[in-house]
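There are 2 protein chains.
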Amino acid sequence: MTEANFTYRADSFKVAIDCILLGFDQRELKILLIHRNFEPAKGSWSLMGGFLNRDESLNDSAKRILYQLTGLEDIYLEQIFVFGDINRDPVERVLSVCFYALIKIEDYDEALGKSHDAHWFPVQKRPKLVFDHEQMVEATLNRLRRRAGYQPIGFELLPEKFTMMQLLNLYEAIYQRSFDVGNFSKKILSLGILVKTDEKLRGGSKKGSYLYSFDQERYDSVKEKGFRIIG
Amino acid sequence: MTEANFTYRADSFKVAIDCILLGFDQRELKILLIHRNFEPAKGSWSLMGGFLNRDESLNDSAKRILYQLTGLEDIYLEQIFVFGDINRDPVERVLSVCFYALIKIEDYDEALGKSHDAHWFPVQKRPKLVFDHEQMVEATLNRLRRRAGYQPIGFELLPEKFTMMQLLNLYEAIYQRSFDVGNFSKKILSLGILVKTDEKLRGGSKKGSYLYSFDQERYDSVKEKGFRIIG
DNA sequence: TCAAAAGTGTTAGTGTTACACCCATGA
DNA sequence: TCATGGGTGTAACACTAACACTTTTGA
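These protein sequences, in sequence, are chains A and B. One point on numbering: in full-length UniProt numbering, the residue at position 106 of the first sequence is 106, and numbering is uninterrupted. One point on numbering: in full-length UniProt numbering, the residue at position 95 of the second sequence is 95, and numbering is uninterrupted.
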């Protein structure tokens, strides 16, 4: 560095990282919430969060917090927004950087979650959340809806192999509307990013349905022209 | 507050607000940059920025900074992203919350800008920027492209009354591609959010072209179904 | 064999693209 | 009157939405 050793004159702020963890369980979009047995707002529900440390980037901090809660690494993570109103935290001024993560619900470490008093809720039936966490969830759901329309992030929420009906249910859960089965699968298949396996999954249905998997390479080769599922 | 008077044990961070100011000048999208006559990186180009103060929200801080530079209030402002890498600022660790603003270039206070050594550059021909400001600009242009497709933010960049050709030029500047004149105006007019005045603007052309204005009320009444300018 | 879920096919309608053509006017 | 940029019309095509129909299999 060529600069003289001065420092800026400016106020300092504590910075929280709050994480919205979403998963998909057959029919519903679910969110992992923490029952707070600590102050402030002890006894109420909130997102999983923590404070940013001096030696970590924002992303690293979010990863650390998610690892503590789920035992998972390499999960889809995206910054949503910074919340910075003066009185958003009743104790003292804290900025909060909000991230959301998408996980395959079956990979989640139940025991670790229990130790943090974490519970999955259907997104539509979630309890009231503390502070401005409600806004964070709203912003995330909006972002997810937009993203899912032009990026294959939906697949982050499904197991390795999934049926067309599971994918359809996921999109119905994200958009809170129904899609025509025929039109939906035609559209998805026409993107050329799924591989059909010859396995069938029997469950609920009598006929059973084929399993597909998402093909990253094919996606990489077609993503230029963009991808539009709804709209 | 019902909480006990404790405070959190956590590291503190200085927080900068960096503002990307965009305007449109007939043909080109332009960005306002500061020639730094202060450390660090004196002599190079950067975005306009400042530090967040203890008594202001993030938005208020961005408004203050923009007011200092342009003399404008009530401008379109949107948070883009927080940049938080450990060494992003060579002097010491600073988080930066990046905002972008859209202004009508003719309202801008030239004299005030000069006093900060601010200059307009065509976005495509901007100089190299300091630190991670380049990334901020890229992220902003991407956001602007997305937004302009489904919200009428383009109108923030034009004067009160504008011709269809000016609007077309703006969209061409944002998307860096050309649009068919006929198809573009058909589509825009079909949205029903413009009012045609009977004034004509003569300039460049021999025939002259009609002036339109954006109608907020009409927009409010049709925005539910969403709006799609590019495919 | 019937009911239920998966999956295919058909069609009308809507939106998009490309491009030919007409209009008004200053030089 | 002609060159120029503004503006309109239209036909081909692609995509979408709605829904009827076929397939498979457990009960």
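Hints listed in this document are in silico derivations from the structure and should not be mistaken for laboratory results. Just so you know, these numbers come straight off a predicted model, no measurement behind them. Among the hints, a few may not be true.
Note: identical chains are not told apart, hence a pair may lie in one copy or across any two.
[Claimed, not checked] Calculated pairs, SDA-like style, for lysine to any residue (alpha carbon to alpha carbon, straight line, at most 20 angstroms):
id	residue 1	residue 2
1	14	82
2	14	56
3	223	145
4	196	214
Evaluated hints:
1. In this homomeric assembly, residue 14 and residue 82 come within 20 angstroms of each other (Cα to Cα) both inside a single copy, at 13 angstroms, and across copies, at 15 angstroms.
2. Taking the shortest alpha-carbon separations for residue 14 and residue 56, both the intra-copy value of 14 angstroms and the inter-copy value of 15 angstroms come in at or below 20 angstroms.
3. Proximity of residue 223 and residue 145 under a CA criterion of 20 angstroms is satisfied in both settings, with 18 angstroms inside one chain copy and 17 angstroms between copies.
4. Taking CA atoms no more than 20 angstroms apart as the test, residue 196 paired with residue 214 passes inside one copy only; the shortest distance there is 9 angstroms, against 49 angstroms between copies.
Hint violations for this structure: none, all hints satisfied.
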